[in-house]
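What follows is each chain in one-letter form.
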Amino acid sequence: MKYYDKLIFELSRPGRKGYELPATDFGHDAFAEMPATLMREKDADLPEVSELDVVRHYTNLSNKNFGVDTGFYPLGSCTMKYNPKINEELAALPAFTQIHPLQDEKSIQGALELYWNLQHALSNIAGLYEFTLNPYAGAHGELTGLMVMRQYHIANGDLKRTKVIVPDSAHGTNPASAMVAGLQVVEVKSKPNGSIDVEDLKPLLDDTVAGIMMTNPNTLGMFETEIMEIAKLVHEAGGLLYYDGANLNPLLGKVRPGDMGFDIMHINLHKTFSTPHGGGGPGSGPVGVVEKLAKFLPNPRVKKNSDGSFTITTDEDSLGSISTFLGNFGVMMKAYAYILTLGKENLKNVGPMATLNANYIKESLKDDYLLPIEGVCKHEFVFDGLKDKSTGVTTLNVAKRLLDYGFHAPTIYFPLLFHESMMIEPTETEALETLDEFIEVMHKVAAEAKENPDLVKDAPVTTLVRKLDETGAAKNPILTYRHLVSEDNK
Amino acid sequence: MSNKFIPHTEEDIRVMLDKIGVDTIDDLYSDVPAEVVYKEEYDVPSAMSEIELRKHFETLGKKNKPLTIFAGGGVYDHYSPSVINHLLARSEFYTAYTPYQPEISQGTLQYIFEYQSIISELTGMEATNASMYDGATATAEAMFMMVASAKKRNRVLISSTVADRVVEVVKTYAKFHGVDITIIPEKNGITDLDAMKEELAKGDVAGVILPSPNKYGILEDYTGVADCMHAEKAYMAINADPSALAVIRTPAEWGADIACGDGQSLGMPLNFGGPYLGYISCAKGMLRKMPGRVVGATKDADGKRAYVLTLQAREQHIRREKATSNICSNQSLMALYATIYVALMGKQGMKELNRIACDGAHYLYSKLIESGKFTPAYPGLPFLKEFVVKTDLDIEAINSRLLDNGIMGGINLGEGKVAFAVTEKRTKEEIDNLVTLMLS
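Residue numbers (the working numbering), protein chains in the order written: chain H, 316 to 805; chain P, 28 to 467.
Mixed in with the good hints, there may be bad ones.
Taking lysine-lysine pairs in the DSSO-like style, the calculated list, with each CA pair at most 27 Å apart, reads [to be verified]:
(1) H:K702 to H:K790
(2) H:K421 to P:K214
(3) H:K805 to H:K759
(4) P:K198 to H:K607
(5) H:K759 to P:K260
(6) P:K178 to P:K260
(7) H:K782 to P:K326
Coverage of chain P stretches by chain H, computed from C-beta distances (three or more under 8 Å per stretch; other residues unrestricted) [stated by the list, open to error]:
(8) 40-49
(9) 174-187
(10) 217-230
Covered by chain H, per the in silico footprint, the following chain P stretches (three or more residues, Cβ under 8 Å) [stated by the list, open to error]:
(11) 95-102
(12) 197-209
(13) 258-272
(14) 361-368
(15) 384-397
(16) 445-458
Hints in this document: simulated from the structure, not taken from any laboratory. We put the CB at the ideal spot given by N, CA and C, even for glycine.
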């Protein structure tokens with residue numbers, strides 16, 4: 316493919332246009348009489364391009380991208396499973412996309428029914444009492460869940476509970492969400508195998524603790540076997556357990572977070588429930604809670620009336636609103652379609668097959684890559700770089716070399732417990748042949764690292780652009796076309 | 028085990044278990060305490076084929092009623108050109124993750140750069156991030172930015188003429204984070220600037236959030252306001268409708284430090300409330316306090332122009348609890364939506380659609396006033412596409428009648444006030460029909 320690097324602004328020609336609007340005659344041009352002091356002084360410098368210009372330009376840009384549909388995407392902690400096509404079509408049905416969020420309830424019963432059905436399916440799958448689907452993303456779900464946690468303690472008059480315990484191996488969003496929710500983060504140490512050190516946890520559990528945030532399996536892909544003991548300790552101390560649902564996928568069909576003692580959780584619909592990541596969003600991060608916390612969930616809420624109809628309510632005990640309306644409804648539709656397509660017969664196989672795929676890759680590669688923790692993993696696992704450290708080839712080098720071979724890289728340098736972390740999550744939608752191809756390439760890269768380390772260190776060499784000057788980008792941030800032009804003219 | 032999304036044959040499973048060195052799938056869960064293993068069946072329906080699934084969605088869809096929309100309330104029925112959905116359906120865009128590997132994500136990175144450029148043109152501000160969840164959360168983040176930038180000040184003022192739903196979300200974020208919020212009262216439909224100045228004079232205000240247009244559709248006059256703020260060392264944020272910014276005075280022209288709001292008006296379908304996007308722009312000096320993802324231009328090893336996620340030292344995956352916010356994603360695909368929309372409408376189209384909407388709104392306004400049944404709620408104040416009128420008629424009864432005729436009427440604000448919005452999609456005939464039905 317030809318290299319293409321134009322910006323839409325660079326295709327612009329004065330007077331060209333990509334739209335037609337209807338001719339109107341309201342008899343009076345009120346716009347012309349708007350007071351000048353309230354109007355824009357200088358026009359926005361927006362592109363002037365034809366429709367075909369736009370179509371070719373963005374088609375060219377799409378060709379510079381790698382998605383799940385392009386190839387294997389073993390990005391740890393991101394659950395890059397296949398995004399079913401029918402779901403895109405269903406979510407685009409005009410009966411759902413053409414309704415205004417403030418329409419009379421009589422005219423949006425189908426949308427409310429879908430929202431309610433998904434709430435209830437998730438409650439059952441999670442083993443919790445009730446869900447809100449309003450949060451827009453995983454991190455937004457975390458924030459909402461922590462607000463529920465705080466609101467619970469505030470309602471109990473237990474105002475000194477302002478600390479939240481977070482494992483040192485947690486996703487970065489956990490401590491950041493706690494900060495936004497006004498909680499102080501207390502870190503609990505991991506044992507060498509990555510699980511929470513219960514002995515380190517015990518002394519932290521005093522009457523200032525609001526709760527603990529955990530994910531299980533943890534960020535190393537290992538199941539926290541002492542979870543029931545942890546739940547007991549935290550509950551006895553008056554705290555609540557928050558479950559980070561980023562790692563829910565391997566538990567489908569096997570374990571429900573509610574049954575492990577968790578009180579609050581979020582689910583990333585864009586991970587476990589197959590909705591597309593969209594290059595960074597829109598996602599959806601529903602939050603589920605146990606019965607005693609249900610009244611604190613955010614407004615607005617969807618309830619079922621005794622006559623079977625659905626209604627939008629606001630609850631006085633609620634923590635407040637965290638979204639303008641009912642969240643990313645279009646994303647919920649896709650997750651709902653996924654649950655119905657798999658049904659109870661197949662949903663239960665998601666976790667086991669994701670776990671099988673991860674363990675298969677792990678066992679197939681541990682002769683060349685350093686496996687810091689032995690034992691069965693769940694949906695993902697972490698290598699601490701190449702086993703042979705003498706070559707100087709880093710995890711970053713291996714990741715970039717994978718791009719040359721047509722694979723997306725794993726998550727790298729996370730978790731922070733190891734220096735050369737390489738976190739691999741294949742998901743259940745990948746077939747054995749794909750896993751074998753990936754394993755073969757990983758072996759090949761390990762061999763290259765020994766025989767010709769510079770080849771790996773120079774990677775990528777076949778991609779449309781090569782190594783980028785990231786330091787320069789941060790030192791002198793050029794964030795707009797206007798700024799780019801002024802830099803070029805310097 | 029096999030299903031169309033789970034490709035494992037019995038033979039595959041055998042081969043893989045052998046390689047792992049275990050006998051059964053259950054052995055992979057041997058570390059899970061028996062007491063937490065779920066032994067029941069999920070209480071969800073049986074698997075559906077595409078045929079059944081489609082019928083199920085169509086059945087649900089029939090219980091919704093798309094209407095001819097004459098309401099706004101922050102969500103506007105602008106036209107979405109056909110091209111956008113065709114391009115958004117390119118799965119190289121929608122099946123990609125956040126662009127962590129820039130060498131194979133230049134498509135995403137470049138459209139975000141174009142999005143940032145376009146929003147910056149509309150707001151007049153130097154920097155824009157890669158987008159936020161929605162307009163309300165973007166406004167809450169603007170509040171955090173002002174508190175983080177103002178030294179040792181923890182109080183933010185917000186005008187009661189900012190949309191109620193935005194104020195609600197800002198208040199929730201403030202309550203938990205520990206920011207003091209003071210609502211500035213309104214006077215005859217606009218912010219009471221004297222009341223605002225009194226608060227400012229107390230010397231503890233980090234910033235002020237004002238709307239443009241406001242929740243009644245009114246274009247408020249902020250002449251001199253920025254100077255007042257800055258004299259008191261407070262920051263000024265404006266929550267603005269980005270579609271309207273193609274024609275109305277920009278946050279930068281008002282002297283604001285931050286612009287924020289909801290991107291829905293940039294041609295996005297109504298989507299029953301989401302997905303849309305929130306945008307946030309700021310002056311360069313506040314850049315490092317800005318939340319979320321930011322894309323910057325750079326060069327690759329061969330000197331080719333390229334784009335990359337930048338200024339990541341602010342973010343949660345590096346800074347954890349010391350980050351500027353917990354945001355780790357953007358509404359990327361909706362940012363692409365907005366970008367393609369503005370590219371199609373272009374410099375002229377963005378102005379033209381505002382003119383049509385404005386003319387249509389004033390036409391409806393005049394018809395209602397001329398009927399003698401409605402009076403101006405805020406006489407003499409300028410509006411663009413949304414306005415409020417007062418009536419003694421039963422608004423609920425009118426709206427119910429309109430609904431039966433496939434129309435969403437104005438939003439009932441209580442006390443006899445009703446808010447209408449008109450976009451470029453509404454024809455003269457539709458407006459005439461609306462008025463006839465309302466008065467019938």
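Verification of the supplied hints:
no. : hint             : result
1   : H:K702 to H:K790 : violated (35 Å)
2   : H:K421 to P:K214 : violated (35 Å)
3   : H:K805 to H:K759 : violated (46 Å)
4   : P:K198 to H:K607 : holds (24 Å)
5   : H:K759 to P:K260 : violated (60 Å)
6   : P:K178 to P:K260 : holds (9 Å)
7   : H:K782 to P:K326 : holds (9 Å)
8   : 40-49            : holds (count 8)
9   : 174-187          : violated (count 0)
10  : 217-230          : violated (count 0)
11  : 95-102           : holds (count 5)
12  : 197-209          : holds (count 7)
13  : 258-272          : violated (count 1)
14  : 361-368          : holds (count 4)
15  : 384-397          : holds (count 7)
16  : 445-458          : holds (count 3)
Hint compliance for this structure: hints 1, 2, 3, 5, 9, 10 and 13 are broken, all remaining hints hold.
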